[in-house]
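Participant: Given next are the chains, with one letter for each unit.
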Amino acid sequence: MSDEERLAFLRSNYARIVDLLGFKFTSDEELVRDLLEAEVMLEKKFGAPYCPCQGRTNNRAEDMRIVCPCIPYHRAHFDAMKRCWCGLFIHKDVDDPDSLMQFAPNES
Amino acid sequence: MVNIKLYTLSTCPWCKKAKRFFADNHIVVNAVDYDLSDEQDQAAIQREIKALTGNGNLSFPFAIFGDIFVVGYRPDRYRELLGLEAQPDER
Numbered sequence: 001m002s003d004e005e006r007l008a009f010l011r012s013n014y015a016r017i018v019d020l021l022g023f024k025f026t027s028d029e030e031l032v033r034d035l036l037e038a039e040v041m042l043e044k045k046f047g048a049p050y051c052p053c054q055g056r057t058n059n060r061a062e063d064m065r066i067v068c069p070c071i072p073y074h075r076a077h078f079d080a081m082k083r084c085w086c087g088l089f090i091h092k093d094v095d096d097p098d099s100l101m102q103f104a105p106n107e108s
Numbered sequence: 109m110v111n112i113k114l115y116t117l118s119t120c121p122w123c124k125k126a127k128r129f130f131a132d133n134h135i136v137v138n139a140v141d142y143d144l145s146d147e148q149d150q151a152a153i154q155r156e157i158k159a160l161t162g163n164g165n166l167s168f169p170f171a172i173f174g175d176i177f178v179v180g181y182r183p184d185r186y187r188e189l190l191g192l193e194a195q196p197d198e199r
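Listed in order, the protein sequences are those of chains A and B. Oh and the first sequence: position 20 is 20 in our numbering, straight run, nothing missing. Oh and the second sequence: position 89 is 197 in our numbering, straight run, nothing missing.
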């Protein structure tokens with residue numbers, strides 16, 4: 001499977017999963033492209049599509065918490081931000097993803 | 109000027125934005141790509157972030173201004189800590 005095919009697969013697969021979680025892809029297409037390309041590379045290198053904006057610890061159990069889509073592991077935090085950490089997914093009711101900011105779990 | 113450390117990931121678009129913010133504002137930072145560091149340095153960065161945040165989340169970009177940390181790409185907070193003029197719609 002080529003990188004492009006893998007990227008298309010991840011995209012269609014994620015869409016169905018995050019829809020059930022109340023999220024959708026950000027409308028920022030450039031960001032979607034950058035993040036999915038990074039995930040395809042990370043998957044080839046480390047065996048899973050890890051979040052491009054969260055660090056791996058080499059502890060497999062811990063690192064499972066940042067395999068995309070990692071929303072279920074960070075539900076309260078991402079609901080507070082109305083986006084996931086890297087911004088690939090936003091709440092369904094958000095129209096302007098640029099208005100959303102990252103902040104730490106205990107910050108709001 | 110306070111010493112600023114910026115931990116980033118080479119795969120993260122928000123980390124690139126953070127680096128560009130400091131460069132555009134002519135602010136010298138000690139920037140380190142966590143994912144490109146060796147295992148020893150990664151372990152040290154993990155310890156430092158955990159000591160500051162109290163949790164094990166390795167969310168980037170992670171900026172440290174002296175003894176204050178900012179998690180995520182937050183140009184509003186960077187400006188506040190640097191005493192720069194606010195720019196509300198900066199993304």
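Worth flagging that the hints you see were computed from the coordinates, not collected in a lab. Worth double-checking, as some hints may not be accurate.
Straight-line alpha carbon distances no greater than 20 Å define the calculated SDA-like cross-link-like pairs of lysine to any residue that follow [unchecked claim]:
| no. | chain 1 | residue 1 | chain 2 | residue 2 |
| --- | --- | --- | --- | --- |
| 1 | A | Lys92 | A | Leu21 |
| 2 | A | Lys82 | B | Asp184 |
| 3 | B | Lys125 | A | Ser99 |
| 4 | A | Lys45 | B | Lys125 |
| 5 | B | Lys158 | A | Asn58 |
| 6 | A | Lys45 | B | Asp141 |
| 7 | B | Lys158 | B | Asp143 |
| 8 | B | Lys125 | A | Asp98 |
| 9 | B | Lys125 | B | Leu192 |
| 10 | A | Lys82 | A | Phe25 |
| 11 | B | Lys125 | A | Val32 |
| 12 | B | Lys127 | A | Lys45 |
| 13 | B | Lys125 | A | His74 |
| 14 | B | Lys158 | B | Met109 |
| 15 | B | Lys113 | B | Pro196 |
| 16 | B | Lys158 | A | Arg56 |
| 17 | B | Lys158 | A | His74 |
| 18 | B | Lys127 | B | Leu192 |
Here chain B is said to cover these stretches of chain A; the calculated rule only asks that three of the stretch's residues, wherever they fall, bring their Cβ under 8 Å from a Cβ of chain B [stated by the list, open to error]:
| no. | stretch |
| --- | --- |
| 19 | 1 to 10 |
| 20 | 13 to 22 |
Between beta-carbon pairs, the in silico distance windows are [what the hints assert, rightly or not]:
| no. | chain 1 | residue 1 | chain 2 | residue 2 | range |
| --- | --- | --- | --- | --- | --- |
| 21 | B | Asn138 | A | Gly47 | 29 to 39 Å |
| 22 | B | Val136 | A | Ser2 | 23 to 33 Å |
| 23 | B | Ser145 | A | Asp93 | 20 to 30 Å |
| 24 | B | Ala151 | A | Asp93 | 32 to 42 Å |
| 25 | B | Leu144 | A | Ala48 | 13 to 23 Å |
| 26 | B | Val110 | A | Ser2 | 24 to 34 Å |
| 27 | A | Lys92 | B | Asn111 | 39 to 49 Å |
Every residue gets a Cβ at the ideal spot worked out from N, C-alpha and C, and that includes glycine.
Participant: Can you confirm whether the C-alpha distance between Lys125 of chain B and Leu192 of chain B stays at or below 20 Å?
Facilitator: Holds - the C-alpha atoms of Leu192 of chain B and Lys125 of chain B are around 17 Å apart, at most 20 Å.
Participant: Using the Cβ atoms, figure out if Lys92 of chain A sits within 39 to 49 Å of Asn111 of chain B.
Facilitator: holds, 42 Å
Participant: Are there three or more residues in the stretch 1 to 10 of chain A whose C-beta lies closer than 8 Å to some C-beta of chain B?
Facilitator: The restraint on the stretch 1 to 10 of chain A is violated, since only 0 of its residues have a Cβ under 8 Å from chain B and three are required.
Participant: Given the hint that Lys125 of chain B pairs with Ser99 of chain A, test it: the Cα-Cα distance must not exceed 20 Å.
Facilitator: Holds. Lys125 of chain B to Ser99 of chain A sits at ~16 Å (cutoff 20 Å).
Participant: Has the given pair, Lys125 of chain B with Val32 of chain A, been kept, meaning a C-alpha gap of at most 20 Å?
Facilitator: holds, 15 Å
Participant: Kindly confirm whether 23 to 33 Å is satisfied by the beta carbon distance between Val136 of chain B and Ser2 of chain A.
Facilitator: violated, 42 Å
Participant: Indicate whether the distance between the beta carbons of Leu144 of chain B and Ala48 of chain A respects the range 13 to 23 Å.
Facilitator: The hinted range 13 to 23 Å holds for Leu144 of chain B and Ala48 of chain A, with Cβ atoms some 19 Å apart.
Participant: Under the criterion that the straight-line Cα-Cα distance not exceed 20 Å, is the pair Lys113 of chain B, Pro196 of chain B satisfied?
Facilitator: Violated: Lys113 of chain B and Pro196 of chain B sit about 24 Å apart, past 20 Å.
Participant: Could you check the hint for me, namely that Val110 of chain B and Ser2 of chain A are 24 to 34 Å apart, CB to CB?
Facilitator: The hinted range 24 to 34 Å is violated for Val110 of chain B and Ser2 of chain A, with Cβ atoms some 47 Å apart.
Participant: Is the straight-line distance between the alpha-carbon of Lys127 of chain B and that of Lys45 of chain A 20 Å or less?
Facilitator: violated, 25 Å
Participant: At least three residues with a C-beta closer than 8 Å to a C-beta of chain B: is that true for the stretch 13 to 22 of chain A?
Facilitator: Since three or more residues must qualify, the claim that chain B covers the stretch 13 to 22 of chain A is violated, with 0 doing so at under 8 Å.
Participant: Range hint 29 to 39 Å: satisfied by the CB atoms of Asn138 of chain B and Gly47 of chain A?
Facilitator: holds, 31 Å
When the structure is compared with the earlier hints, violations turn up for hints 4, 12, 13, 14, 15, 19, 20, 22, 23, 26 and for no others.
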